[in-house]
Each structure stands twice: as C-alpha cells, then as structure tokens.
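Visitor: Start from the sequences and build out the full structure, keeping to the hints where you can.
2 protein chains.
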Amino acid sequence: MTIRDVAAAAEVSVATASRAINGTGRMADETRVRVREAALSIGYRPNMMARGLVQKRSFTIGLVTNDTYGRFTLPVAAGLSQAMHDRGVSVFLASTQDNPALELRTFEAMEEKCVDGLVVANRRVDRGLTLPETVKSIPTVYVMSACPDGAIGFNPDDVGAARAATEHLLSIGRTRIAHITGPKDFAAARYREEGWRAALAEAGLSAPAPAIYGTWSEAHGWDMAQQLLTTAAPDKRPDAVFCGNDQIARGFIDGATRLGVGIPGDVAIVGFDNWEIFAAATRPPLTTMDMGLLDLGRSAGLSLLDIVDGKRVEPGLRHQPYRIVIRGSCGTAKTAGTA
Amino acid sequence: MTIRDVAAAAEVSVATASRAINGTGRMADETRVRVREAALSIGYRPNMMARGLVQKRSFTIGLVTNDTYGRFTLPVAAGLSQAMHDRGVSVFLASTQDNPALELRTFEAMEEKCVDGLVVANRRVDRGLTLPETVKSIPTVYVMSACPDGAIGFNPDDVGAARAATEHLLSIGRTRIAHITGPKDFAAARYREEGWRAALAEAGLSAPAPAIYGTWSEAHGWDMAQQLLTTAAPDKRPDAVFCGNDQIARGFIDGATRLGVGIPGDVAIVGFDNWEIFAAATRPPLTTMDMGLLDLGRSAGLSLLDIVDGKRVEPGLRHQPYRIVIRGSCGTAKTAGTA
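For the record, the sequence lines run as chains A and B.
Under the UniProt record's numbering, residues 1 to 339 are what the first sequence spells out, in order.
Under the UniProt record's numbering, residues 1 to 339 are what the second sequence spells out, in order.
What the hints contain is simulated information worked out from the structure, not anything from laboratory work.
Treat the hints loosely; a few may be bogus.
Said to hold, decoys possible - In silico EDC-like links for lysine to aspartate or glutamate, alpha-carbon gap of 20 Å or less:
id: 1; chain 1: A; residue 1: K184; chain 2: A; residue 2: E202
id: 2; chain 1: A; residue 1: K113; chain 2: A; residue 2: D309
id: 3; chain 1: B; residue 1: K184; chain 2: B; residue 2: E194
id: 4; chain 1: A; residue 1: K184; chain 2: A; residue 2: D149
id: 5; chain 1: A; residue 1: K184; chain 2: A; residue 2: D223
id: 6; chain 1: B; residue 1: K113; chain 2: A; residue 2: E108
id: 7; chain 1: A; residue 1: K184; chain 2: A; residue 2: E111
id: 8; chain 1: B; residue 1: K184; chain 2: B; residue 2: D126
id: 9; chain 1: A; residue 1: K113; chain 2: B; residue 2: E194
id: 10; chain 1: A; residue 1: K184; chain 2: A; residue 2: E194
id: 11; chain 1: B; residue 1: K113; chain 2: A; residue 2: E111
id: 12; chain 1: A; residue 1: K113; chain 2: B; residue 2: E108
id: 13; chain 1: B; residue 1: K184; chain 2: B; residue 2: D149
id: 14; chain 1: A; residue 1: K113; chain 2: A; residue 2: E133
id: 15; chain 1: A; residue 1: K236; chain 2: A; residue 2: D266
id: 16; chain 1: A; residue 1: K113; chain 2: B; residue 2: E111
id: 17; chain 1: B; residue 1: K113; chain 2: A; residue 2: E112
id: 18; chain 1: B; residue 1: K236; chain 2: B; residue 2: D223
To be verified - What follows is a set of in silico ranges between Cβ atoms, one per label pair, in the way DEER data are often shown:
id: 19; chain 1: B; residue 1: T2; chain 2: A; residue 2: T24; range: 43 to 49 Å
id: 20; chain 1: A; residue 1: T2; chain 2: B; residue 2: T134; range: 16 to 22 Å
id: 21; chain 1: B; residue 1: D98; chain 2: A; residue 2: G328; range: 50 to 56 Å
id: 22; chain 1: A; residue 1: T130; chain 2: B; residue 2: L317; range: 26 to 32 Å
Said to hold, decoys possible - Incomplete in silico selection of chain A near chain B, CB under 10 Å:
id: 23; residue: V12
id: 24; residue: V14
id: 25; residue: L63
id: 26; residue: S206
id: 27; residue: A219
id: 28; residue: Q247
id: 29; residue: A280
Glycine is no exception: its CB is placed at the ideal position from the N, C-alpha and C atoms.
Guide: Below, the structure is given as structure tokens:
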C-alpha cells in the first residue's frame, strides 16, 4: 500500500496526496480530509512515528502556560495551532495553574513526549515560568512572558499601542486626556503609561492628572468616572480617557452615562485589548487597541520551527504590531470634528 | 542513586519521597517541590517512561476540544488538571477549532503520544467530535458534548438548574416570570425552557409570554428589556426574568435601568453560568446558576482513570449538580419580601 494507491483512491495527484498525508503545504481542508479518509478507507496510514525517527522529529510542540483564566493564552494558542497545523505539527497545551509541582511535572511530561520544542506563555510580560534544569535542551520561545537573557521572546507592543491610542484622541481634537489603568506592579501598565506620556509630550501637552492606577476591573472605571466627572470644575474635567483595558473602559462609560455625561460628545474613550464581548457590547461600542495575539502565537510558532530546523534565530524580544479598532466611543470623523 | 538517597536529601520519609516522585497521594505542594528539587540536586530522576513500560501506562491523558473561545473548556480543563495532577497524571489539551483536518490530526497525535485516555469536550451538549476509526480503542469520556450511544458522558444539568432558578424567583413572591434565552437550535436553551416551564406548572402559574429565543448576547437582553417593559400595561409586565445566560441578564438589567425600571424592586433577575466577569460587574450584581464546570472536569477525569485502571464504569450520561449563587439581582431576603 503506497501513497500512489491513496492518490488514486482520492482522485488527486501523488504530490497532493503526499502533502495531505504529511500535513505540509496549503490546501483546502476538504481536500486534506478527503485524502486522509481515502487513506483510511484503503488501510493506508502514515506512520508519523517512523517519519519522526527518520527525521529525528516528533512533529509536536508543547505550549506551557500558567494563564489559567485563558484570556490571553487562548488567542495565542489559536494562532499558534493554525500556523503549526499548516506545517503538519500538532500543539499540546498544558496549564501549570501557578502550582510549582504541576509546573515541574508538566515540563517533564513534555520532555517525555519528545516534543520538538516549547512555547512558554504567561499572562503578564514581567513574570515567567522557569524551565527545570532537566529540560533546558528543548528549543524554547517565550510569549506574553518575561524573556530570559539570550532567549527568544514575543510580546505585545504596550508602549507603541498606548502612544497610538493617545495620538488617536489627539487627532480628533481632544486635549485633556486622562489615563486610568491597572495595578502599578504590572509592567504592562507602566509601559502603557509611558506611551500615553510620550504622545502627550510630543503634542506639547501635559497630562490633566497623573495616571490613575487601580485594578483591571469595571469597578475601577466606574469609580473613576464618579471621581473625574463630578469633583473638578467642568472645564478642568478630561475630554478624553485612554483606559488600560476594555473592562476599565466599559466601567467608565457606564459610570459617565449614569452621570449624564455624553460619550463621545463630552468625553471620548479608547480602551485596550479588543476583548470583543466587552468592546462590542459597551454603549457606545468601544474603540480600542488590538494587540495582535493571534499573530503573536503564529510568529512565535514559526520562529520555534526555524530553531527546530536548525536555522539561526536572533535572540531577544520582539514586539508584535498592534492596530486600532474604531467603534463608537471616539465618535465618527464627523462627531469627532465637533468635539 | 535510589529513592532512599532522595528521602535523606529532602529530610522526609522514604514513603513520602516515593509519593512525591511518583505524584501519588496528597501532600503539600511545598513538600512535593522540595522532594523533587532534592532529587534533581543529587542527580536522581524518576524514569516515567520506565514506570510506564512496567505498568503499561503513560500517565498522560488528552483533552480534545473544539471550544476555541474557551469559556466552557477552561474551567473543565482546570478541574480535570487538578484532579489528574493529584494522581500523577498530566493533561495535554489540543483544540480542533472546528477544522476537520485538524480534528483528525489531533486524534492521531494523541494516539501517537500513547495517552492513556481521552476527554472529548465541546461547547454545547448537542454536538460532538467524532473519533476517527483508528483511535477508537483509546478509553474516552465526553464532557459538555453529545454522548454517543454506549459511551460515558458528563454534562451540566440544564433542566434542573433552570427549574431551581425559577423556583428561586417564585420563593421571593414573583408570579409573572418571563424567560429570555439563546438560539432555539441549542439543546441547552430548550432544556432551560423545559425547567422554567416545569417550575411554573408546579406552582400552578402560566408563563406571562412564550420563551423569548434569540442570541446569547447582551444586545438580546437589552432589546427585550425595551420590548417587555414598554409595550404592555404595567400590571401585565413581568415582575421577574429568568435569563438563559449571564450576558443576556446583564443586557436586560442595563436596558431596564436605562428605562428607570428598578432591579430587583420592579423586576428580579436570575442569570445562568456564573461567569464572574459579567455576573459580579452587573449593577446590581447578578444572582445566577453555577453549573459546576470545575467539578464536571474533575468527575470526568476520575471516571476516565477508573476505565484506564480496568474498573467497570456504567455507560450513559451523568448530570453535574448545580448551585445558585445569590448576589443582588433578586434582592436580599428582606427586599424580596417587599416585592
């Protein structure tokens, strides 16, 4: 039983049959499934183990994360899986749930399964999982995580995205742009403050108030709406707020609306994360920064495969490009002009 | 280098050292980590592969899901991982992302990695992944998924929880209890309607209106608040709404509040899912049904290990116990009494 029999049964070329079986190259999912079903129906089955023995590869990689909640790991994992699947590589995810014993055991298990490489992820860029000494020989890249010296890492561009968010508010004519964000011990929160300050400084403006640190929650945004919009004289109040995440932005908008403050007329808002269940459901829907987490996973996976293939990959931290997603919380170009 | 050397280095008994190394039995994480670090420091390393060869087990299981978003799979995975970790078993998760070719390849990869068993999960109870013929010999349980004839499945108790939600609203004196829910083609939505109807019938009440199907979104709840609270005469309007998920409940509460309708004074609300980022942030915070997803994962994993151990496990579908989480949207006992 050879690949020629499979090609004949599936009525495709031998090259296509081979690519479908080996998971290499791009083709329609229907074609890939049809070839594999034909292979199964005639009793042919690719021996991945044998293929691995010849090529000294298992065609699997591990994704180890301690992001139990999954808000960040899941899009990263989805982008990674798509890119790996296109190249015939399977991804196994294991969560260490902030449990040191589970962390150790997980890395050991990944090694025992002979994964070709590891993607190590976290839920914040200033913390990282530590590989036990015994598995240090596995090729590894880091995502949404601290990146050890000499290692290869992929993180969102917090400074750049925060600067772009603030520049967007400047571009629609706002001049008193406040910043409400998460806990100061998160490096991401400090980076976002840095980007906000840089954009204001470049425009020759000063911040209407220091960055307001707190929790990554709606409650923080709600509370700050009460504080910023009721205490100062109206002409001292912010005419825009750049929020450190979408939950804070939603809480602020709900609080402002309850106070009768118009969004975006009186105050324009930009959020951060583009977490759709919040950003699309806010009234008005939230203009926010998308950190490109799918592409972050994809980029990390492709670099990992390069390392596995023996190619030279420069060590160091890469920052993923971001984009702004325009919804309603800064107005359309027209309402922005009237602000 | 033996387990005795490890025990001496870690200053624990040989039995404790053995349990820590083999991942069996319960002990403080600190102890387990200390023993393992001692083992590493003296160069001892448990040979899990050798252990697997003797016992014909790999001490790993696979969790295969097509819940790309992760809302349901993640708590299931967390409960499963905790229970398995306590028994020295590692969990590998792979997502098939509604991609047939990736689904086939994922099951093949799980087989090649010699997992002892599979947990197959979905994001709805009326759809399921199909195991390819080639891997049918792996012990398998189903979670949050359709359960094939003769298989073992674990699902939430949608009917029971919906009945309990409605009974809670009855217990605080409400009599015109509406139901707003997701799409009718979801079995879970139909089961929840069934539970709501059963509770009303038992109380000798009829529904104020047919169940209102729609999307699982805040927008649906918001729109139905406008419809139910503005069109009928005030004494025909519902005095309570059982919502099919927490997002619908939040949209309804926001819409009702905007209309000046008091929650819970005028209308009491029970949600469904206990998705904390929504349920705790709603104003007032949402009373809702918790489906026990962590325990669902735990129960499925323990049954799977029983099968792997050769124990007899009855085929069929189990329903996980639920609980009601009381927050503010039905009032306290006192305000409920005044309703």
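Visitor: For each hint, tell me whether it holds in the structure or not.
Guide: Do the hints match the structure? See the list:
For the suggested pair A/K184 and A/E202, the alpha carbons sit about 24 Å apart, so the restraint of at most 20 Å is broken. Distance restraint check for A/K113 and A/D309: the Cα-Cα separation of roughly 19 Å lies within the 20 Å cut-off, and the hinted pair is therefore satisfied. A threshold of 20 Å between alpha carbons decides the hint, and for B/K184 with B/E194 the separation of about 12 Å falls inside it, so the pair holds. Among the hinted pairs, A/K184 with A/D149 is inconsistent with the structure: their alpha-carbon atoms are about 24 Å apart, more than 20 Å.
Taking the CA atoms of A/K184 and A/D223, the gap is near 17 Å; set against the 20 Å cutoff, the hint holds. The suggested pairing of B/K113 with A/E108 holds, with an alpha-carbon distance near 14 Å, which does not exceed 20 Å. Annotation: proposed proximity of A/K184 to A/E111 is violated, straight-line Cα distance about 36 Å (limit 20 Å). For the hint pairing B/K184 with B/D126, the CA-to-CA distance comes to about 12 Å; that is within 20 Å, so the pair holds.
About 46 Å separates the Cα atoms of A/K113 and B/E194, which puts this hinted pair outside 20 Å; it is violated. For the hint linking A/K184 to A/E194, the alpha-carbon distance of about 12 Å falls within 20 Å, and the restraint holds. Using a Cα cut-off of 20 Å, the hinted pair B/K113 and A/E111 holds, with the two alpha carbons roughly 12 Å apart. In summary, the hint linking A/K113 to B/E108 is supported, as the alpha carbons are separated by about 14 Å, within the 20 Å threshold.
For the suggested pair B/K184 and B/D149, the alpha carbons sit about 24 Å apart, so the restraint of at most 20 Å is broken. Restraint check for A/K113 and A/E133: the C-alpha separation of about 17 Å stays at or below 20 Å, so the hint holds. For the hint linking A/K236 to A/D266, the alpha-carbon distance of about 12 Å falls within 20 Å, and the restraint holds. In summary, the hint linking A/K113 to B/E111 is supported, as the alpha carbons are separated by about 12 Å, within the 20 Å threshold.
The straight-line distance between the Cα atoms of B/K113 and A/E112 is roughly 10 Å, inside the 20 Å bound, and the hint therefore holds. Note on B/K236 and B/D223: the hinted pairing holds, with a Cα-Cα distance of about 18 Å set against a maximum of 20 Å. Roughly 47 Å separates the CB atoms of B/T2 and A/T24, a value that falls within the hinted 43 to 49 Å. The beta-carbon spacing between A/T2 and B/T134, approximately 19 Å, falls within the hinted interval of 16 to 22 Å.
Checked against the hint of 50 to 56 Å, the C-beta distance between B/D98 and A/G328 comes to roughly 30 Å, which is inconsistent with it. Restraint check, A/T130 to B/L317: a C-beta distance of roughly 42 Å breaks the suggested window 26 to 32 Å. A cut of 10 Å between beta carbons decides the hint on A/V12: the least distance to chain B is about 14 Å, and the hint is violated. Hint status for A/V14: violated, given a least beta-carbon distance of 19 Å to chain B, over 10 Å.
Of the supplied interface hints, the one on A/L63 holds, with its beta-carbon coming within about 9 Å of a beta-carbon of chain B, less than 10 Å. Because the closest C-beta pair between A/S206 and chain B is about 33 Å apart, greater than 10 Å, the hint is violated. Hint status for A/A219 relative to chain B: holds, with the closest Cβ pair at about 7 Å, below 10 Å. Given hint, A/Q247 at the interface with chain B, holds; its Cβ is 7 Å from that chain's nearest Cβ, closer than 10 Å.
Against a cut-off of 10 Å between C-beta atoms, the interface hint on A/A280 holds, since the closest Cβ of chain B lies about 9 Å away.
Consistency note: the structure conflicts with the earlier hints numbered 1, 4, 7, 9, 13, 21, 22, 23, 24, 26.
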